[in-house]
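A.B. asks: For the record, the sequence lines run as chains A and B. To convert, note that position 135 of the first sequence is 137 in the numbering used here; the numbers rise steadily by one, no gaps. To convert, note that position 80 of the second sequence is 82 in the numbering used here; the numbers rise steadily by one, no gaps.
These are computed hints drawn from the structure, not numbers from a lab. Some hints could be false.
Which bits of chain B does chain A cover? Going by a derived footprint, with three or more residues having C-beta under 8 Å, they are [as the list claims (entries may be wrong)]:
(1) 38 to 44
(2) 110 to 120
(3) 128 to 139
(4) 153 to 162
Beyond 10 Å from chain B on every Cβ pair, some chain A residues (computed) [unchecked claim]:
(5) 23
(6) 41
(7) 59
(8) 89
(9) 101
(10) 111
(11) 119
(12) 138
(13) 150
(14) 201
(15) 202
(16) 204
(17) 212
(18) 226
Cut-off 30 Å, straight-line C-alpha distance, at most; resulting in silico cross-link-like pairs (BS3-like, lysine-lysine) [to be verified]:
(19) A:121 x B:121
(20) B:172 x A:121
(21) B:121 x A:172
Backbone N, C-alpha and C define an ideal beta-carbon position, used for all residues, glycine too.
Chain residues, written in single-letter form:
Number of protein chains: 2
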Amino acid sequence: AIADAAEDALRGEGGALSGRHVVVTAGPTHEPLDPVRYVANRSSGKQGYAIARACRQLGARVTLVAGPTALPDPRGIETVHVETARQMLAASEAALPADAFVACAAVADYRPAYETEHKVKKERGGLTAIDLTENPDVLASIARHASRRPALVIGFAAETDDVLGHAEAKRARKGCDWIVANDVSPGTGTMGGDRNAVTLITGEGDEAWEDLPKSEVSRRLAERIAGALGPAPG
Amino acid sequence: AIADAAEDALRGEGGALSGRHVVVTAGPTHEPLDPVRYVANRSSGKQGYAIARACRQLGARVTLVAGPTALPDPRGIETVHVETARQMLAASEAALPADAFVACAAVADYRPAYETEHKVKKERGGLTAIDLTENPDVLASIARHASRRPALVIGFAAETDDVLGHAEAKRARKGCDWIVANDVSPGTGTMGGDRNAVTLITGEGDEAWEDLPKSEVSRRLAERIAGALGPAPG
Chain A
3 AIADAAEDAL RGEGGALSGR HVVVTAGPTH EPLDPVRYVA NRSSGKQGYA
53 IARACRQLGA RVTLVAGPTA LPDPRGIETV HVETARQMLA ASEAALPADA
103 FVACAAVADY RPAYETEHKV KKERGGLTAI DLTENPDVLA SIARHASRRP
153 ALVIGFAAET DDVLGHAEAK RARKGCDWIV ANDVSPGTGT MGGDRNAVTL
203 ITGEGDEAWE DLPKSEVSRR LAERIAGALG PAPG
Chain B
3 AIADAAEDAL RGEGGALSGR HVVVTAGPTH EPLDPVRYVA NRSSGKQGYA
53 IARACRQLGA RVTLVAGPTA LPDPRGIETV HVETARQMLA ASEAALPADA
103 FVACAAVADY RPAYETEHKV KKERGGLTAI DLTENPDVLA SIARHASRRP
153 ALVIGFAAET DDVLGHAEAK RARKGCDWIV ANDVSPGTGT MGGDRNAVTL
203 ITGEGDEAWE DLPKSEVSRR LAERIAGALG PAPG
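Could you put the whole structure together from the sequences, leaning on the hints where they help?
C.D. replies: Structure follows, in structure tokens:
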């Protein structure tokens, strides 16, 4: 009970995001081919979960839309579990209206074009390729939502080369306000690790946050979100 | 220290598998397409980890070759972490000689034919299919090992239809001694769950073990392995 009270205090009722609703997506998506096989993106979910916690600590109501991860549900945060990109989009839309949307999940761009009910057997001719079809774009769909676009829409860009170039292009293409760009090349240790080096791209300049714990990246981002939204009305 | 002593006692030095070396594979494999995307099989690893623990409790030395799971390394068991089917085969061969090999992992039959160093960008024409190539067969490779075939080689068959028919065929095709067949259709709750319903196929008849905790399936299997191997020489 003492720990609960301490955590409630940390949640900062009356904090800079008090009265705000923030939706955060986190983790990978898994796109099934048959009952046992799937195509996936790598993502531990750690950065997205940390952002959800950081926004909660500034007093926001937070909805976390989480793909499959090994992480426990964070306390005090409504966590909606999904598996596929289509489910992640539906859960994100269902969570609106929101003041800010943070698309931290590593959504699979593509899914298998056909999903079979039974396991595809190797001995029945086998598989020579997985035909793909494009998934809906969760970030762009929310950033261009006809009736309920959040005031602030933030995407993440996980790139392995020309990180800033790809990220600037992504900001324009998706219609989002900010992009948090990071380099996930093998060897950076970002993927699955506890630290991150990111560049925040706001359209008013780039800001590099170098080699910080994911919790600190999250705290800074939550504060920037609060600053951009200003005090909640009422 | 008391817990450690209790656990050492449970390990049954002088148990029915004392003096034996058992290699167990567990979990899925992940087959990379590029630094962020991969093709995978579903497997929590729970059944394989439980078998490794059950063999250890009967006194065996156990090597656990584990694909990516969310499970902690079991105490007192040498755990080798791998990602791909090729790595799983290499680690399994490196663990020989062994008295028994239990292939519980859900190894991906196929991997992407080409792995790229940089993330494949959607805007550069995109992906329309993932070309596949066949993975090495871990179970058959160990069951047909030229110089160091373990005395007892056991495979698992996760099927969604005609479970026994597919499993009997698999036993012959792979050259293994026993098959543990289970039905992983959606709705059975086997996948990722803590219970299992299996049929042990030994070539001398089928034995159904219905709706048991995975720990109990493991205990029975470890005892059957000990019975088949008999007392260790020396």
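A.B. asks: If a hint holds in the structure, say so; if it does not, say that too.
C.D. replies: Right, here's what the structure says about each hint:
For the region 38 to 44 of chain B, the assignment as covered by chain A holds, since 7 residues bring a beta-carbon within under 8 Å of that chain's beta-carbons and 3 suffice. Here's how the region 110 to 120 of chain B fares: 5 of its residues keep a CB closer than 8 Å to some CB of chain A, so the rule of at least three is met and the hint holds. Coverage of the region 128 to 139 of chain B by chain A holds in this model, with 8 residues showing a Cβ closer than 8 Å to a Cβ of that chain against a need of three. With 3 residues carrying a beta carbon less than 8 Å from a beta carbon of chain A, the region 153 to 162 of chain B meets the three-residue requirement, and the given coverage holds.
For residue 23 of chain A, the requirement that its beta carbon stay farther than 10 Å from each beta carbon of chain B is met, with the minimum near 30 Å. A beta-carbon of chain B comes within 10 Å of the beta-carbon of residue 41 of chain A; the shortest separation is about 5 Å. The claim that residue 59 of chain A is not at the interface with chain B holds, since no C-beta of that chain comes within 10 Å of its own (minimum 26 Å). For residue 89 of chain A, the requirement that its beta carbon stay farther than 10 Å from each beta carbon of chain B is met, with the minimum near 15 Å.
Residue placement check: residue 101 of chain A keeps its beta carbon more than 10 Å from all beta carbons of chain B (closest about 29 Å). Taking the minimum C-beta to C-beta distance to chain B, about 5 Å, the non-interface status of residue 111 of chain A is violated against the 10 Å cut. Against the 10 Å criterion, residue 119 of chain A falls within the reach of chain B, whose nearest CB is about 8 Å from its own CB. Listed as a non-interface residue, residue 138 of chain A keeps its Cβ farther than 10 Å from every Cβ of chain B; the least gap is roughly 13 Å.
For residue 150 of chain A, the non-interface assignment is confirmed: its Cβ lies about 26 Å from the closest Cβ of chain B, beyond the 10 Å cut-off. Taking the minimum C-beta to C-beta distance to chain B, about 17 Å, the non-interface status of residue 201 of chain A holds against the 10 Å cut. Consistency note on residue 202 of chain A: stated as away from chain B, and its beta-carbon is indeed over 10 Å from all of that chain's, at 21 Å minimum. The claim that residue 204 of chain A is not at the interface with chain B holds, since no C-beta of that chain comes within 10 Å of its own (minimum 22 Å).
Its beta-carbon lying about 21 Å from the closest one in chain B, residue 212 of chain A satisfies the requirement of being farther than 10 Å from that chain. Non-interface status of residue 226 of chain A relative to chain B is upheld: no Cβ of that chain comes within 10 Å, the nearest being about 26 Å off. Taken as a hint, the residue 121 of chain A and residue 121 of chain B pair is honoured in the structure, with Cα atoms around 29 Å apart against an allowance of 30 Å. Our distance criterion of 30 Å between C-alpha atoms is met by residue 172 of chain B and residue 121 of chain A, whose separation comes to about 15 Å.
A distance of roughly 15 Å separates the Cα atoms of residue 121 of chain B and residue 172 of chain A; the hinted pair therefore holds under the 30 Å criterion.
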